[in-house]
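Trainee: The chain contents come next:
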Amino acid sequence: MQTVLIHPLVVRITHWINVVAILIMITSGWAIYNASPLFGFSFPDPVTLGGWLAGALQWHFAGMWLFALNGLVYLLYGIASGHFRRKLLPISPRAVLHDVRDAFRGKLAHADLSVYNAAQRAAYVALIFFLLMLIGTGLAIWKPVQLYWLASLMGDYEGARYLHFFAMSAVALIVVVHVVMVILVPRTFPTMITGRTRHEKA
Amino acid sequence: MKKLEGLENLERRLFLRQGLSLGALTLLAGCELTEQESVQRLLMTMSRWNDGVQEWLFDPKRLAPEFPESRITRPFPFNGYYPESDVRIIEGSSYKLELAGMIRERKPWTLAELYALPQVSQVTRHICVEGWSAIGSWTGTPLRDFLKIIGADTRAKYVWFQCADKDGYNSPLDMRTALHAQTQMTFKFGDEILPRAYGFPMKIRVPTKLGFKNPKYVISMEVTNDYKGGFWEDQGYNSFSGS
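Sequence lines, in order, name chains S and V.
To convert, note that position 127 of the first sequence is 127 in the numbering used here; the numbers rise steadily by one, no gaps.
To convert, note that position 45 of the second sequence is 45 in the numbering used here; the numbers rise steadily by one, no gaps.
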């Protein structure tokens with residue numbers, strides 16, 4: 001019985017900082033949404049952060065630095081170290097569909113935690129995409145004049161508000177599925193802290 | 001369009017002490033009240049840092065996008081921290097704009113004198129700190145032309161506006177934004193004299209700032225190096241609030 005490293009230290013640290021950052025951004029974002037809802041509902045006050053609009057905005061515009069800088073470290077590390085190439089590629093649509101189907105049947109294998117299955121790869125890549133989209137649309141909402149070129153790409157100020165909301169919804173959905181999967185396969189949880197798992201070589 | 005509920009917001013003025021919601025408490029599980037205060041200090045520090053970042057991002061030559069008249073939001077929403085029925089009635093005939101601070105010619109201006117100044121129009125998007133936006137048509141005199149006429153020292157840091165709203169509204173405007181081509185002393189909305197709901201007799205239209213940095217019912221302006229705070233700025237809204 002030996003232990004192998006499956007999550008490098010940088011990935012573990014940025015993962016947990018990201019958990020805090022995303023919680024701050026989403027709960028303060030919900031409070032900001034409530035000041036002028038895009039749809040016919042509001043988020044319940046107990047799950048929002050900031051107390052009122054100015055407090056929520058302060059959290060959101062402080063949290064964005066934590067979120068963006070931490071994300072930058074993660075992306076640079078993932079690209080430079082080959083972590084993304086090793087862990088997230090390749091992704092074939094056929095394999096993703098196959099693994100998602102297996103997951104719903106409860107048959108998805110998790111024998112080797114050092115390898116992400118195709119459904120995981122797709123989910124993690126989608127998460128990175130939607131988080132980047134949150135930054136792009138967020139900048140467009142924050143600076144629709146100074147960053148007009150960006151706002152035009154994001155559907156101008158009003159379009160960017162909707163895209164920001166949809167990207168948040170996608171992130172929230174992926175996070176929920178992610179947490180459910182961790183609960184279903186609990187031995188994945190300590191590995192994101194220690195980085196290691198017991199590994200039996202065949 | 002949701003309007004700010006005046007009373008409710010006034011009650012919330014003490015948010016710095018009591019504003020952390022349950023969500024925040026969950027995040028900060030185990031924190032004492034004193035730690036909440038240090039969190040508030042950290043948030044205020046970050047807000048001032050963001051003021052600096054926005055000053056750096058602000059390009060004095062970049063214009064806010066203009067729209068065709070067909071895009072104007074009708075009716076353009078009334079917005080304030082009090083209901084429309086509480087709007088202060090100002091008599092145009094007795095109105096005078098008071099000038100103070102680092103200005104050479106500090107004589108007050110009557111409305112007739114102000115109306116005689118050269119005017120320009122803009123159709124721009126008003127973006128509220130709450131998130132909603134509306135496109136309006138504003139006509140008036142570029143503030144930078146007026147500052148020149150009255151001999152304002154434009155090396156000063158701020159132009160500070162005092163308004164006639166109930167409870168007294170005021171707001172500081174950084175000088176670089178005050179000198180922006182589209183920053184306007186507004187006397188008309190569309191083709192009509194500025195309606196009472198939109199700030200009669202004079203509003204300062206700043207399309208590179210959030211709506212609350214566009215004061216209405218302006219009765220005085222002071223050119224100053226002192227940061228004098230503002231109605232919403234003092235309650236925690238980011239002071240630069242540029243767009």
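None of these hints come from the bench; they were simulated from the model.
Keep in mind that the hints are not guaranteed to be accurate.
No farther apart than 27 Å at their CA atoms in a straight line, the calculated lysine-lysine pairs in the DSS-like style are these [said to hold, decoys possible]:
#1 V:Lys166 / V:Lys107
#2 V:Lys188 / V:Lys61
#3 V:Lys107 / V:Lys157
#4 V:Lys96 / V:Lys157
#5 S:Lys143 / V:Lys107
#6 V:Lys166 / V:Lys96
#7 V:Lys61 / V:Lys96
#8 S:Lys143 / V:Lys61
#9 S:Lys143 / V:Lys157
Cβ-Cβ distance ranges computed for the label pairs, FRET-style [as the list claims (entries may be wrong)]:
#10 S:Arg86 / V:Ser121: 32 to 40 Å
#11 V:Asp167 / S:Arg187: 22 to 30 Å
#12 V:Gly229 / S:Leu150: 58 to 66 Å
#13 V:Ser121 / S:Leu150: 26 to 34 Å
#14 V:Asp234 / S:Leu153: 30 to 38 Å
#15 S:Val125 / V:Arg88: 30 to 38 Å
Rough simulated footprint, nothing fancy, chain V against chain S, three-plus residues with beta-carbon under 8 Å [what the hints assert, rightly or not]:
#16 57 to 68
#17 129 to 135
Each residue gets a CB set at the ideal place from its N, CA and C atoms; glycine is no exception.
Trainee: Given the hint that Lys96 (chain V) pairs with Lys157 (chain V), does the C-alpha gap stay at or below 27 Å?
Mentor: This hinted pair holds, its Cα atoms lying about 24 Å apart.
Trainee: Against the range 58 to 66 Å, how does the distance between the Cβ atoms of Gly229 (chain V) and Leu150 (chain S) compare: consistent or not?
Mentor: violated, 32 Å
Trainee: Take a look at whether the Cβ-Cβ distance between Asp234 (chain V) and Leu153 (chain S) falls inside 30 to 38 Å.
Mentor: Roughly 36 Å apart at Cβ, these two residues keep to the hinted range, so it holds.
Trainee: Using the Cβ atoms, figure out if Asp167 (chain V) sits within 22 to 30 Å of Arg187 (chain S).
Mentor: At 60 Å between Cβs, range violated.
Trainee: Within 27 Å, alpha carbon to alpha carbon, are Lys188 (chain V) and Lys61 (chain V)?
Mentor: With a Cα-Cα distance of about 25 Å, the restraint between Lys188 (chain V) and Lys61 (chain V) holds, given a limit of 27 Å.
Trainee: According to a criterion of three or more residues whose C-beta lies within less than 8 Å of a C-beta of chain V, is the segment 129 to 135 of chain S covered?
Mentor: Violated, because only 0 residues of the segment 129 to 135 of chain S bring their Cβ atoms closer than 8 Å to Cβ atoms of chain V.
Trainee: Go ahead and decide if the range 32 to 40 Å is satisfied by the Cβ distance of Arg86 (chain S) to Ser121 (chain V).
Mentor: Violated, since Arg86 (chain S) and Ser121 (chain V) (Cβ atoms, about 59 Å apart) do not stay within the stated range.
Trainee: Could you grab the alpha-carbon distance between Lys143 (chain S) and Lys107 (chain V) and see if it respects the 27 Å cut-off?
Mentor: violated, 38 Å
Trainee: Are the Cα atoms of Lys61 (chain V) and Lys96 (chain V) separated by 27 Å or less?
Mentor: violated, 32 Å
Trainee: Quick one, are Lys107 (chain V) and Lys157 (chain V) close enough, alpha carbons at most 27 Å?
Mentor: Satisfied, since the Cα-Cα distance of roughly 22 Å is no more than 27 Å.
Trainee: What's the verdict on Lys143 (chain S) and Lys157 (chain V), does the C-alpha distance respect the 27 Å limit or exceed it?
Mentor: holds, 22 Å
Trainee: Run the distance test for Lys166 (chain V) versus Lys107 (chain V): straight-line Cα separation, threshold 27 Å.
Mentor: Cα-Cα ~25 Å, so holds.
Violated hints for the displayed structure, listed by number in ascending order: 5, 7, 10, 11, 12, 15 and 17.
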